[in-house]
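2 protein chains.
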Amino acid sequence: MKEELLKEFDEWVLKLSAYQMALSLIGVDKQTLAPQGGAAYRDERTAYLAGEMFSIETDLHMVEVRRQLLAEDIDADKRREIELMDKEIEHILVVPKEMFVSYTKLTAEAYEVWHRAKNAEDYTIFEPVLKKVIEASKQMYACRNSSASMYDQMLDDYEPGMTMEKYDAFFDRVRERLVPLIRKVTEAQQIDDSFLKQPYDVQKQKEYMNRVILPYLGFDSSWGYQNETEHPFTDIICENDIRVTTKYLENNVVSAILSTVHEVGHGYYGHDVAPEYDGTIFNYGISSGMHESQSRLLENYLGRTLPFWEANYPALQETFPEQLKDVTVEQFVRAINVGKPSLVRTEADELTYPLHILIRYEIEKGLFTGTISTENLDRTWDEYYEKYLGVKAPTARQGILQDVHWSGGSFGYFPTYALGSAFSAQFMKAMRCDIDVDELLRSGRFSVIIDWLREHIHRYGCRYNADEIMRMATGEPFNPDYYLDYLEEKYTKLYHL
Amino acid sequence: MKEELLKEFDEWVLKLSAYQMALSLIGVDKQTLAPQGGAAYRDERTAYLAGEMFSIETDLHMVEVRRQLLAEDIDADKRREIELMDKEIEHILVVPKEMFVSYTKLTAEAYEVWHRAKNAEDYTIFEPVLKKVIEASKQMYACRNSSASMYDQMLDDYEPGMTMEKYDAFFDRVRERLVPLIRKVTEAQQIDDSFLKQPYDVQKQKEYMNRVILPYLGFDSSWGYQNETEHPFTDIICENDIRVTTKYLENNVVSAILSTVHEVGHGYYGHDVAPEYDGTIFNYGISSGMHESQSRLLENYLGRTLPFWEANYPALQETFPEQLKDVTVEQFVRAINVGKPSLVRTEADELTYPLHILIRYEIEKGLFTGTISTENLDRTWDEYYEKYLGVKAPTARQGILQDVHWSGGSFGYFPTYALGSAFSAQFMKAMRCDIDVDELLRSGRFSVIIDWLREHIHRYGCRYNADEIMRMATGEPFNPDYYLDYLEEKYTKLYHL
Chain P
7 MKEELLKEFD EWVLKLSAYQ MALSLIGVDK QTLAPQGGAA YRDERTAYLA GEMFSIETDL
67 HMVEVRRQLL AEDIDADKRR EIELMDKEIE HILVVPKEMF VSYTKLTAEA YEVWHRAKNA
127 EDYTIFEPVL KKVIEASKQM YACRNSSASM YDQMLDDYEP GMTMEKYDAF FDRVRERLVP
187 LIRKVTEAQQ IDDSFLKQPY DVQKQKEYMN RVILPYLGFD SSWGYQNETE HPFTDIICEN
247 DIRVTTKYLE NNVVSAILST VHEVGHGYYG HDVAPEYDGT IFNYGISSGM HESQSRLLEN
307 YLGRTLPFWE ANYPALQETF PEQLKDVTVE QFVRAINVGK PSLVRTEADE LTYPLHILIR
367 YEIEKGLFTG TISTENLDRT WDEYYEKYLG VKAPTARQGI LQDVHWSGGS FGYFPTYALG
427 SAFSAQFMKA MRCDIDVDEL LRSGRFSVII DWLREHIHRY GCRYNADEIM RMATGEPFNP
487 DYYLDYLEEK YTKLYHL
Chain G
7 MKEELLKEFD EWVLKLSAYQ MALSLIGVDK QTLAPQGGAA YRDERTAYLA GEMFSIETDL
67 HMVEVRRQLL AEDIDADKRR EIELMDKEIE HILVVPKEMF VSYTKLTAEA YEVWHRAKNA
127 EDYTIFEPVL KKVIEASKQM YACRNSSASM YDQMLDDYEP GMTMEKYDAF FDRVRERLVP
187 LIRKVTEAQQ IDDSFLKQPY DVQKQKEYMN RVILPYLGFD SSWGYQNETE HPFTDIICEN
247 DIRVTTKYLE NNVVSAILST VHEVGHGYYG HDVAPEYDGT IFNYGISSGM HESQSRLLEN
307 YLGRTLPFWE ANYPALQETF PEQLKDVTVE QFVRAINVGK PSLVRTEADE LTYPLHILIR
367 YEIEKGLFTG TISTENLDRT WDEYYEKYLG VKAPTARQGI LQDVHWSGGS FGYFPTYALG
427 SAFSAQFMKA MRCDIDVDEL LRSGRFSVII DWLREHIHRY GCRYNADEIM RMATGEPFNP
487 DYYLDYLEEK YTKLYHL
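From first to last, the protein sequence lines stand for chains P and G. Counting from 7, one number per residue, gives the positions in the first sequence under this note's numbering. Counting from 7, one number per residue, gives the positions in the second sequence under this note's numbering.
Keep in mind that the hints were calculated from the coordinates and are not lab data. Please note that a few of the clues may not be correct.
Copies of the same chain look alike in the list, so a pair counts if it works inside one copy or between any two.
Result set (PhoX-like, lysine-lysine): computed pairs, CA atoms no more than 25 Å apart in a straight line [said to hold, decoys possible]:
1. Lys111 - Lys13
2. Lys36 - Lys190
3. Lys393 - Lys21
4. Lys393 - Lys496
5. Lys212 - Lys331
6. Lys435 - Lys172
7. Lys111 - Lys393
8. Lys103 - Lys13
9. Lys435 - Lys203
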């Protein structure tokens, strides 16, 4: 009986993973190579396949199989796997199909309206549909009949275990310590980074990426490939098939490099989850914050350091002698770490980034607890930016309309970006107790660092939640002070504060 | 009633096309970019999706829907569409599932054995499994209970309407006229083509392809893209999404170009079938011979001509001044048309190619009519090559083991390659009555040629069979003499016979 149920469950997981693979490959193709002309044909058929997958996922017979399995004596891994899937599917099953369909239509429409509003630089175009999306999200969450507050449920969806109480504590510390630090940095002697923004031939950038950076990172073509796209992302087809994408900018020599280091961080997570978890929720269900902790660890805590560039700068200088011949590696590293309040989140630096997130968190919280409304939300947005970062968007395009997330109903997702960075700081602290990170970076033994991450973090996937992994890897619960200490120390030194 | 049945039929076609699209995109990806490490994971899931598609395709309820529809008063297009699908699916349905599964396993095994035998250059390794594949093919075809001879059925599968009788008549003419012609060419003063085989920087070849050849052909990135692969192919995802692939060889400056012109010929066929046929069997069910007629028309009848190169050679010469500065366009065109008996089909030239096919046709026919056995088939192979082409393979690797087709049970497919070339000759004859092909090629108005092909051939897809299209496009039935006249005239002139 138990064996049969297990077999049925595993076959169902395999089936789901087949559709997931197809949809992922279709998605990667669409965002990299696919000719635009075929979009309508492909989209119609992709929607059909997504519907097929949805039917398999929400199959009521499998709900029963899982219920029966949970009543059996099964091993802890399998129990956790079933529970994670149950949670995910339960949230879909409680929503009446018509509500789900109309929500999908609404967000598709909202995306178009957002796009139009952004181009017109006019928030009032977007406001009515944003209001509708929020109302529809509330309706969907109401179906869950949970005793938890609505925004807490949203936060938990993206980062299991997180609540407003915990995020409040986190962001309070961020606000307290970063706002004054950023003010000091802004008033200090500014760092010259103009040489980063000269014209850098894209073909040469690519050649440098393939010859120097990817091999340094150990990103191997037998299990991963890199392609170009408009908005860089990573897709984990399976552990030995990781698709990383990047975008080369002619007027920025580090953008593609650091973005690639970031994406390779996501890639290693997918590559290094224990092989027996491949194709299961233990790999594809990793929380946003945990995934972001690994990409940001590679990007910021490794990729922006002097030792990283002591290994890689000479070849960059050789590739671009004209632009970089008079720039020392120390000057270069200072320039790629400039901290300066700005308007657009995706272009923000490591120091000011968490405040962009803080602002979004406060607004989302207000929207769902009823203290903020969508009306005049552009003004609220601008007030927050002035208060925390001292900058003001000339139009809503660089203001409230900059992010796509809300049009898609993604509320509760933004905070995980900041959480990820904070997780990384604590992981780095623990890693530095075990291995000489700087020396490894300097001497090109990047794989030893990856080994540490695999051993303490990656291999578990989401077999354990973020809190459990944090305790196992660092010996203590999550503590944001490691993050704030790191930023304070780094920027105090950088700006001679 | 009729309306409902039609709706059901069309929805079923859409469903099938969704799986077909997914499998095509997965296949293209596998052959171009996919990291090798993920192959096992992907293959297992791809097989599952193929199984899903198979179940939908062979759905017995749909057999009934089609039967009922054929009894209704439906338009001629729909009737033809249903009949074509019926024929294809009937051939699957008559085979017991176990037989089909064991056949699939056998051919997968045979592929591995063929690969091993080829590397070991030893036909005796391959012989036992080839024998089994032939026996299994016979069993499968026996299920059809057709009164036609078995090899006729195989021929008809790849080129509807073709039989041994028709192919015999065709190949008799080929043998009669080409064997002596090739002998004369072999004895004539040889043409120097050594300059084609110097080192040609691959990066520059790519740059020339993208800057000169693809734009000249009108291959537009809005509906197609080109990528690299090991064995070039074209995949038609839909009319506005055509994937063409190529392979660049450092020591051959025309290989990638002419291979691309060939694949673009397939691509235009897929692109130009009437829009209302997109996603139906009218596009994906086009016969091998007809498809090959279009790729070879572009490659040989256009891409190997002086006017084509009058338009494109100057830029090639500029790209490779060192190698080509002393080579005139006339010398260049003579060199890319050298006719010389050789051992390997895929590397054969336009003149000797049909004899490679003739040999395979005679062997296949013998195997299925019982006059030839697999035992010592390598010797039979060598005898044919000596007799028709005057060459002998040093080992079975360049002999009987060169082609993958038989390991996969593809019998009856080879003849379509020669048929395609012969179809092209007759199409070209008709086209030259309507438009000034040479002047259009010379002046870069390639689109006018494509317009002619669309108007007379492409737009129909397989709404009509090859014979019907031939009559409509050229005003007479297929006549192989156009092909043989063309070769005789071309090579007589080229070699001053």
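Tested hints:
Only between protomers do Lys111 and Lys13 lie at most 25 Å apart by alpha-carbon distance; the minimum there is 24 Å, versus 37 Å within a single protomer. In this assembly of identical chains, Lys36 and Lys190 lie within 25 Å of each other by CA distance neither inside one copy nor across copies; the values are 45 Å within and 53 Å between. Taking the shortest alpha-carbon separations for Lys393 and Lys21, neither the intra-copy value of 51 Å nor the inter-copy value of 54 Å comes in at or below 25 Å. With identical chains, the CA atoms of Lys393 and Lys496 are at most 25 Å apart within one copy only, with a shortest distance of 24 Å there and 81 Å across copies.
In this homomeric assembly, Lys212 and Lys331 come within 25 Å of each other (Cα to Cα) only inside a single copy, at 20 Å, whereas the closest approach across copies is 32 Å. Taking CA atoms no more than 25 Å apart as the test, Lys435 paired with Lys172 passes inside one copy only; the shortest distance there is 22 Å, against 79 Å between copies. Within a single copy, Lys111 and Lys393 get their C-alpha atoms no closer than 37 Å, and across copies no closer than 69 Å, so neither meets the 25 Å cut-off. With identical chains, the CA atoms of Lys103 and Lys13 are at most 25 Å apart between copies only, with a shortest distance of 23 Å across copies and 29 Å within one.
With identical chains, the CA atoms of Lys435 and Lys203 are never at most 25 Å apart, being 33 Å at best within one copy and 59 Å at best between copies.
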